[in-house]
Amino acid sequence: MTDPDQLQSEVLGHIAAAASPEALEAVRVASMGKAGSVTTLMKSLGGMTPEQRQTEGPRLNGLREAVTAALAARKTELEAAALDARLKAERQDMTLPVGLPPQGSIHPVSQVMDELAEIFADMGFAVATGPEIEDDWHNFTALNIPEHHPARAMHDTFYVDGLDAEGRKRVLRTHTSPVQIRTMMASKPPIRIIAPGRVYRSDSDATHTPMFHQIEGLVIDKGITLAHLRWTLETFIKAFFEVDDVTLRFRPSYFPFTEPSVEVDVGYSSKTGKPAAAADVDKWLEVLGSGMVHPRVIAACGLDPQEWQGFAFGTGVDRLAMLKYGLTDLRAFFDGDLRWLRQHGFAFLDVPTLSAGVSA
Amino acid sequence: MKFTLSWLKAHLDTSASLTEITQALTSLGLEVEGVEDPASKLAPFVIAEVLTAERHPQADKLQVLSIDAGNGPLQVVCGAPNARAGMKGVFGPPGAHVPGAGITLKVAAIRGVESNGMMCSTRELELGSDHDGIIELDPSAPVGTAYAEWAGLSDPVIDIAITPNRQECLGIHGIARDLAAAGLGSLIEPDTTPVPGTFPNPVAIATHDAQGCPAFHARTVRGVKNGASPAWLQRWLTAVGLRPISALVDITSYMSIAHGRPLHVYDVATLTGGLTARRARAGEQVNALNGKTYTLDDTMTVIADDVHAHDIGGIMGGIESGVSAATTTVLIEAAWFTPERIGATGRALGINSDARARFERGVDPGFVAPGLELATRMVQDLCGGEASDVTQAGTLPLTPKVVHYDPARVAGLAGIDVAEDEQAAILTRLGFTVSLGERWAVTVPSWRRDVDGEADLVEEVVRLHGLDRVPSTPLPRREGVALPTATPAQKRERRLRRALAAAGFNEAITWSFLPPAHAAAFGGAAHSLSNPISTDMAAMRPSLLPGLLAAAARNFDRAQPSVRLFELGQRYLASGEHPTAAALMAGDARARDWRTGASTKFDAFDAKAAALAALAALGVPTDRLSVQSPADGWWHPGRAGRLALGKQVLADFGLLYPATLTTLDVRGPVAAFELYLDALPPAPKRKTGAWAPAALNPLTRDFAFVVDETMAAESLVRAITGADKALITQVRLFDCFAGGSLSEGKVSLAVEVVLQPTERTLTDADIAALSAKVIAAAAKLGAELRG
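Chains as they are written, first to last, in full-length UniProt numbering: chain A, 1 to 360; chain B, 1 to 787.
Treat the hints with caution; some may be incorrect.
Quick look at which bits of chain A chain B covers, simulated, 3 or more residues with Cβ under 8 Å [what the hints assert, rightly or not]:
hint: 1; stretch: 102-110
hint: 2; stretch: 131-143
hint: 3; stretch: 160-173
hint: 4; stretch: 209-223
hint: 5; stretch: 333-345
Derived lysine-lysine pairs resembling PhoX-like cross-links, with alpha carbons at most 25 Å apart [as the list claims (entries may be wrong)]:
hint: 6; chain 1: A; residue 1: K238; chain 2: A; residue 2: K271
hint: 7; chain 1: B; residue 1: K106; chain 2: B; residue 2: K41
hint: 8; chain 1: B; residue 1: K2; chain 2: A; residue 2: K283
hint: 9; chain 1: B; residue 1: K106; chain 2: A; residue 2: K283
Think of the hints as simulated: they come from the structure by calculation, not from any bench.
Every residue gets a Cβ at the ideal spot worked out from N, C-alpha and C, and that includes glycine.
Construct all of the structure, not just a fragment, from the sequences and the given hints.
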């Protein structure tokens, strides 16, 4: 009879030497198969006496278990090696490029309008809108610019063919101020609105485009004065340009729809390129036109100017964007040049909020 | 409005410095736009004596000069015929910038002879137009001295912007009045005492157009000699940009600039009979002083003699009756024209003259008679002559305006306290007459046409007190955090804009007006401009697509391979303005890539996907949208569609029609969508309340049907979705093909049906029953289950 111990060391040697799953399978068949060496030895148990079985049984079972375990262990080893070899063969060059999704952008004018809406919302101003094809009553007459007023000629107005339903001349609005009129006629004071939008002037050169954007502000209430205007503009400029201090200069000016009329200069520091405290101001930029709403305008809207008064202001949105973000060419705003839009546009996630800051 | 410092000081006795004056002007609302001292640019130029003048050895027309500019002899080549030994002139050394020639001098060889600078003409120094020779100075001129200083050229020119309400500041005297009222000196009043006439005015004066020319004053001065005006007057006029012409013409210019009082002078010898202000006859012509002939209509006012019109009243004089060196008898016209009429006539004729600018804003009716006296005195001073009586035709609008004024309005409107006595003093200094009382009665001076209410007086007081002294007072603020203010439409636009940018589109802003041909390719413009800036900007856009297409074409011209642009704005239709969003995709949808191979172009389904994503971002239930055929001719008839929710059309999408692209000169294919913001349903309310996910897992079953190729796939999906509304939660079409074993005109559509059991696990019988329902629903459309 074959000695189980000898057989065990022999078979384990074959298992260890098997270099492939196929070779291992051959060892398994030769040892554990129907006619395998271990199987044959196991069968010999049947011919043994109970006493022999008592002693040989455990030895033979030990042999079978040792071979089974060795086969399984070797199999796992060989599989791991095979997987390893396959994965190595599957290597890809991770330095190859991947395309990013196309990068969209928000136009600077839209971004700045969102910033303005956010700032003024905190001061209680809603956003109002009005038509761009206006009638000359809303654009001029109601704003105290009668038919033959020189200011009307100074507006470089675009006229639109035909009359409106009420027989009024039609114009492309030359400013956002008609929204003041529409707001005062449609709602009861107190009123706090801003009105951003497209406006049109027949003017085209390096610094003027026939279409541009304005924002209008209007407050109508009781007891509102130029001093409230000053605070409102200071607060807005500080928030918009994100500076701690700002210096405004009020100069007398003329707009037919305000009286007194105020041109507002913002004091700039050339060192920081931003609005600055008085001590650091070394140049002035004309930024806003404003004033107390003319009593005739308030009356034209059906309100009693003895009871209601307030201020209005207006400025160029494109210009605010240029000042804040260092843009230089107004004409480029309306060209749709992808290079410019990607360079100067804003990411969609740059949503201006008070908590995260209104600047991108 | 330009004036010089010395001219201002002829009207304002002041010791204020130039800086004080310019600061005061700006704070008074007379915004200083520039201050230029002509002397500063002439600083390097010095007085020099020509020592010797020899013929240039190489050039007949040049001389070689030896000059002394204070540092001994220097050699200078000069082409001026008047250069000669012993004369004194103006020398520019190397390094000096010659303003009239636009060059900077340097040592140079001219035809082989070294030249160390230049002897200058008046034109080269921008002191006049003479370029026939170099400047000749008085023999007493000190050699080596700075020329501008010696010549008294240092007279800063101040340029200020005049707002339309301040017409009285279109004369230096009005500016001086404001400065005096602000405490910068005292106003010097001109001598306007009447010059007695020594004979009756021989020219009959009348106005027959009381509306256009309510008053017409005039007088004749005979025996005048109309030579050049004196140097001081010429210098002032030149400094402010006017060309001196002759004494009489220069006097009218002086009156216009110094007093804002335009006058006109006629050579009486050229007139036939008297002068009458009247309406022009339709078609009547005037040969104006600018050399042009204007054809008038019967709304315009002219000054005419018995034969024809000479003068477009208040706008421009005529050439036939103009004064010349030969003029010996002159008629001075001082009229008052109605501002509205002047404005309308000026606009209609396109004439922008100094006279129009003043009359249009309204000259002082109180200074018609005094102005005529002042002008008479000046004519006699400069030209001699004998004055006739003054003829005054018509009536001046001199009724004084009285404004009832509550001084508390200053604090009430401007938010600043100004003491009542200071208010009264300010108004008085500005020429108002103040009658105190509970409400003050304030009489407005004749030169302040703009003042007619309390608010105007508040402005005057605050302007003089110092507008910049208005304090800062916080607007009242509501308690708690600020309320949201954006309207639903505004929120939708903000959301859509950022959704499109997130989807890879770049936001553009394009013109609201288009070339008419571009508008025509998109249904035509309902609104056109009467006065476009160019014909290419005449048609109000009926769609946002042409503007984006033009931008795409420009981007292709700049070698951009792929364009995704969007815009939010108005379309201008006959029914009004419609807020709209449009997006466009052109060029490469995908660049060539090592993973995906060759580049691909955008197709109609890219447009559909982008439109649906945009609508989904706005809360539109996209599963309820139907796709209809495109209705408009600018879309590809077979590869475009419109998305509707019920009957409401929300968007069009697809490829654009190739001929439309040709019109706009854009390379196709171009995929696009246009989304009609005002057609959208209200944003859905957010669902709140208890919710639990389904307890059982969903399962899927696939079906393939053969259908006619003309059948819309969407109808099959809808039919199957409706086959069992309780169980079927989604039907997804995942395959579509034609050809192969299918017969001509047929396509195979494969769908995955998602079933969501709710109460119990589905049995085979349940699923078999469901399958039968699906197959039956499809069969109603003629769809056959593939075997």
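Going down the list of hints, with the structure as the test:
By the rule of at least three residues with a Cβ nearer than 8 Å to a Cβ of chain B, the coverage given for the stretch 102-110 of chain A holds, with 8 such residues. Counting residues of the stretch 131-143 of chain A whose C-beta sits closer than 8 Å to any C-beta of chain B gives 3, which meets the bar of three, so the coverage hint holds. Coverage of the stretch 160-173 of chain A by chain B holds in this model, with 5 residues showing a Cβ closer than 8 Å to a Cβ of that chain against a need of three. With 4 residues carrying a beta carbon less than 8 Å from a beta carbon of chain B, the stretch 209-223 of chain A meets the three-residue requirement, and the given coverage holds.
Counting residues of the stretch 333-345 of chain A whose C-beta sits closer than 8 Å to any C-beta of chain B gives 10, which meets the bar of three, so the coverage hint holds. Proximity of K238 of chain A to K271 of chain A is assessed by CA-CA distance (about 17 Å); at most 25 Å being required, the pair is judged to hold. The suggested pairing of K106 of chain B with K41 of chain B holds, with an alpha-carbon distance near 17 Å, which does not exceed 25 Å. At roughly 23 Å between alpha-carbon atoms, K2 of chain B and K283 of chain A fall within 25 Å of each other, so this suggested pair holds.
About 36 Å separates the Cα atoms of K106 of chain B and K283 of chain A, which puts this hinted pair outside 25 Å; it is violated.
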